Amino acid sequence: MDVALAVPPVTRVDTPPLLALWQITVDFAARGGGMVRVVHGIDLDIRPGETLGLVGESGSGKSVTCLAALRLLPAEAQIGGRIAFDGADIARMGAAQLQSLRGGRIAIVFQDPAAALNPTQTIGWQLRERLVRHQGLRGEALQAAAIAALARVGIADPAQRLEDYPHHLSGGMCQRAMIAMALTGKPSLLIADEPTTALDVTTQAQILALLRDLQRETGMAMVLVSHDLGVIAESCARVAVMYAGRIVEQGPTTEIFATPRHPYTRGLLDSLPRIDHVVARLAAMPGALPQPGRLPPGCSFAPRCDRARPACVANMPRLEMQGARALRCLHPHDGPPAPPGIVQMEPGADQQGVPMVEAQALGLRYAPRRLLGLFARGAAVQAVDGVSFTLHRGETLGLVGESGCGKSTVARMVAGLLTPSNGALRFAPERNAAPGVPAPRFAQLVFQDPLGALDPRQRIAAQIAEPLEIHRIGNAASRRAEVLRLLDAVGLDPALAEAFPHRLSGGQRQRVVLARALALRPPMLIADEPFSALDVSVQAQVIELLAELQAREALTLLFISHDLRVVRRICGRVAVMYAGRIVETAPAERLFGSPQHPYTQALLAAVPSPDLGARPSHQPLRGEPPSPLRPPPGCRFHPRCAMARPLCRVEAPALRELFQGQAVACHVAHGDA
Amino acid sequence: MDQVTALAEAPPRRARYLGGKVLLGVAVAWLALMVVAALTAHMIVPFDYRATSLEARLLPPVGLGGEFPYLLGTDHLGRDILSRLLHSIQLSMAVALAGSLIGAGFGITLGFLAAHLRGVADSVCMALVDLQAAMPFMVVALGVLALFGNNFLLFIVVIGLHGWERYARLTRSLVLAEVEQGYVTALRGFRAPPLLIYRRHVLPNIAAALIVNFTLSFPEIILLESGLSFLGLGIQPPLTSLGNMLGFGRDYVADAWWLPIVPGVVIFITTLAMSLAGDALRDRLDSSLNL
Amino acid sequence: MNGAWMAAKLLRAAATLLLAVTVVFIVLRLAGDPAEILFGDNVGEESLIRYRALWGLDQPLGVQYLLYLRSLLLGDFGLSSQSGASAWQLMMGRLPYTLQLGGVSLLLAVLIGIPAGVAAALARGSLTDRVVMLAAVSSFCIPNFVLGVVLILVFAEQFGWLPSHGTGGIWHLVLPALTLGTGWAGVLARFARSAMLEVLGQPYIRGARASGLTEGRVRWRHALPNAAIPLVTILGFMVGGLVAGAIVTESIFAWPGVGRLLVDSVKLRDLAVVQAIVLMVAATMVAANLVVDVLSAWLNPRLPAATGA
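Protein chains in written order, with our numbering: chain A, 158 to 830; chain B, 1019 to 1309; chain C, 3 to 311.
Chain A on its own, in the form it takes in the complex (with noise of 0.2 Å):
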């Protein structure tokens, strides 16, 4: 149990805090009886007006804190510590009062905003429910007051809008809706919970800036929940990081990010990828997050913490206060940390060699799905269109774009799980060298979805040798031997090969689906977002796993993702792709230096950096990538491009080189930078 309760709440000289929690402890009913602690004794406060960020992986523990301060936690869970708003205590207050505070006083957004609004009741309906219940706005003013709410956060055409039912818009412009809700009751205090997880980056930046300039506005404080690094770095003043329902360190956000001395807020910095360079080797934490009621005896991070001594194991270090900065160890890092060995990123391919796959004007269209082959139920949709590339043997081509781009239909066509509907594949000659090399043993598809990837009955020795199996492979002894390889080749421990999927963590399972992939031995692969699942600290295990697998077996790699930071740490070459189209490509040290098509520049300048002085000081681009239904014609970039000309209305740009490797699809771009 923890010893730290005899600490006074970390409160500080200035301000009354508006918010405070002291103590808190949140407990579930496990499966199979008894009870499970998922919030250990959390110590915060929240004053007037300033943004706090609470970061830390999934499962820490983050949003069920926000959660328990406004007990909106189901009834089975139970709730220890003391919740203190302006003074009240939120704990002892009865259904009336709480109910008044709850998107009165304190609002809060979350995370899939599709989700979080009735499906079955409008926009406006929902808006107006929540203005008569804090303003007690009627008739023509609740209307105007509807139109005015959606209005300020920047949704166009609020009249109309008021008339949608969520499935109708888009994720941001759901999660602007909730927004206008949340502010409906004049918060002081506002708690986003992953606002902008479920977003597209471009709209991400979007939603943060909205944020930042309603707060600015109104002075309300914000709580702002993430896993994101960057997004906090960008956001908060002060921030609190969260370990396994712990605060193991917390403080103003320069500071903490300058000088992380725990060393689990030192991991998480090293661990995420950046987009302005690239480390020689990202500096990854062994093990995952323990599971809740599984937590290890003394400090929780102990087991996968390098300075880890015998009294970190005997005992969980309190939280102490030093300054501004409270911590949680007792073997903290001192000083900044040392400055990140920089690479450059080489192309690393054989450009005048013979390419592994050509693609010509590839396009996909996807027919109108029908009722009894009669009526068509919308247009049809031209998912990728005209998309060509070159990708050279050993090289590792990076294909980024935001959901809906038509990145992952590519891979597929690449795959053969799709069929181009225009357009033509060359693959190097091995790959239709019959009976030998039959298309599986050329490329294999490794793609997201760690849980579904795997089939949950089977065993993992089993999965890996299958593909073996089904192309008659050696003996049942030779396979297992072969196993036994690729488990280690992934480093993953050879006692698994017998457990089945649910016994492995997400990372374990993404390493799991490596092995298979390469089972056969293909010369390529082709990632589709393969990493997005996973929490940052696995994250960067595999992904280091991932390029020195590359470097070792000479792979040539197809690497789909929304992600540029992680783009930017394993490719050699880049291709932008916008609404089914390839907007720009070039060599990473080119297009992330030097980005030449203003979805690019957009794009790029939309990742949020957790380094200092990285702050966004540009407007985010506006609007939103066009409905694949109906792209709009010439340049699908012009409607949300400031650099637009009439000639970007009618006609659509073609790829141009503008320098070595770096081709751009834009009337505009003349490429002098």
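Incorrect hints may have been included.
To be verified - Which bits of chain B does chain A cover? Going by a derived footprint, with three or more residues having C-beta under 8 Å, they are:
| hint | stretch |
| --- | --- |
| 1 | 1117-1131 |
| 2 | 1188-1201 |
| 3 | 1206-1212 |
Think of the hints as simulated: they come from the structure by calculation, not from any bench. Remember, it's a predicted structure, so these values are computed and weren't measured experimentally. Even for Gly, the Cβ is constructed at its ideal location relative to N, Cα and C.
Place chains B and C on chain A using the hints.
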């Protein structure tokens, strides 16, 4: 979704019954008793279930004025009710089991075919499913019996057709969902033959849901069989089933209430026990799938 | 509402109905020569030939099929082999009784089942919940013919409070309606509970609570309308299956409805009446499904029907 978030979301919504584990224990014990009775009925009956005795007609059960050896009393022909009950359990269970297996086999096969072939074959299968769903089964069964008259084999086939459309629809949607899973895409990437994917991977993964459907449809089939027999359109004398006993017994409800009540109670407790056990099974299978 | 969607639904319903008619036609012909089934050995060969000519039974099968469709469209379902009356009229004469019994039972089931299920969901895990759920599972596990016999035994035979069979007044309706409604109430209670719990676990309910709406508003204006969507489906299914559901109950209580007519006709192998009832039931079910689709689209704006996309 990680575990903490899962815990913070809504808790399970399975029904919990008054009596909880004790009730479940009783239900399972009763089902075990029924299985034993069905398997051994012909060996343990005290009397020939067809043997009549004019001296011992309409005797009440022991404890209600009846006497040994007619433990549950006798019917209007002086036949021992316990013996008839055991035989009825045997026949009713056998018919329900055969019917369930036929329906499950047919529906699951069709569901796999529809999901695999897609396109026109899928539309045809689904049209058949729609058709069956549009025809309440009791009516279909009665129609078939009206046309072809009553014989035991036909009766089993009719019973077997019950619920095939639910298996077909369920299997189809489960297979379609399962083949969207990453591991099936990966297997396709390895050019694994479809039969291997279905047999080794998809079937074991959807089996839990199919088993749950089986536990739901089995009591319905017992009810269907006994309902038809009750109406005099199912199992015919000299064979005896639970519904058939009840159907004949209801004519004596005024004088010898135990004639309809004894088989009625057995039917009720059996279907109830099956439902309770099925719910518990679903609980367990679901939680083993979730985590 | 979306026109193309509506047209597709109507077409699908019509196709299902046509398929049902076709299957009935094929099965009827499979069963043997209708003339012989109708008259057996009672009449001479000459009358059989005359009868076949009269009903077009000497024509090729395709022509017979078209003739069959035409007569159905004209409302001619043939004549009862027992009474010689029109099968259609026999059936329509009984329908009001079935509708009366089924309607009252369904109303009873809705009024008891849905509130009980919603109450159980709102008090999840409590004693109320567990009692309601045990009652619900018991009530749909108890077969109509057992419950009916028990009710007769207790209320008619033992106490003599209520009539055990036949029609005649509101009191005659009590036992049959209880028998039929109990199982439906149990099904509805379980459905209502799980639909309500499903909705109560949705993020938008937490969202509504988080914006300070009162618990009453969260429950009745947000949760209940969303939980009603699956309930409409199951209710439509019950309405569509009303005739079939009432078969056993009508037999027990000698209630002169369509179900009892069906059982009697099956026993007498009166094919014209059986086929009329089978087709009527299929048509009811298809119509009920159609109504459910329209209602769901109205309740649930996410469905393609409602979006017009």
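Now the hints, each set against the structure:
no. : hint      : verdict
1   : 1117-1131 : violated (count 0)
2   : 1188-1201 : holds (count 3)
3   : 1206-1212 : holds (count 6)
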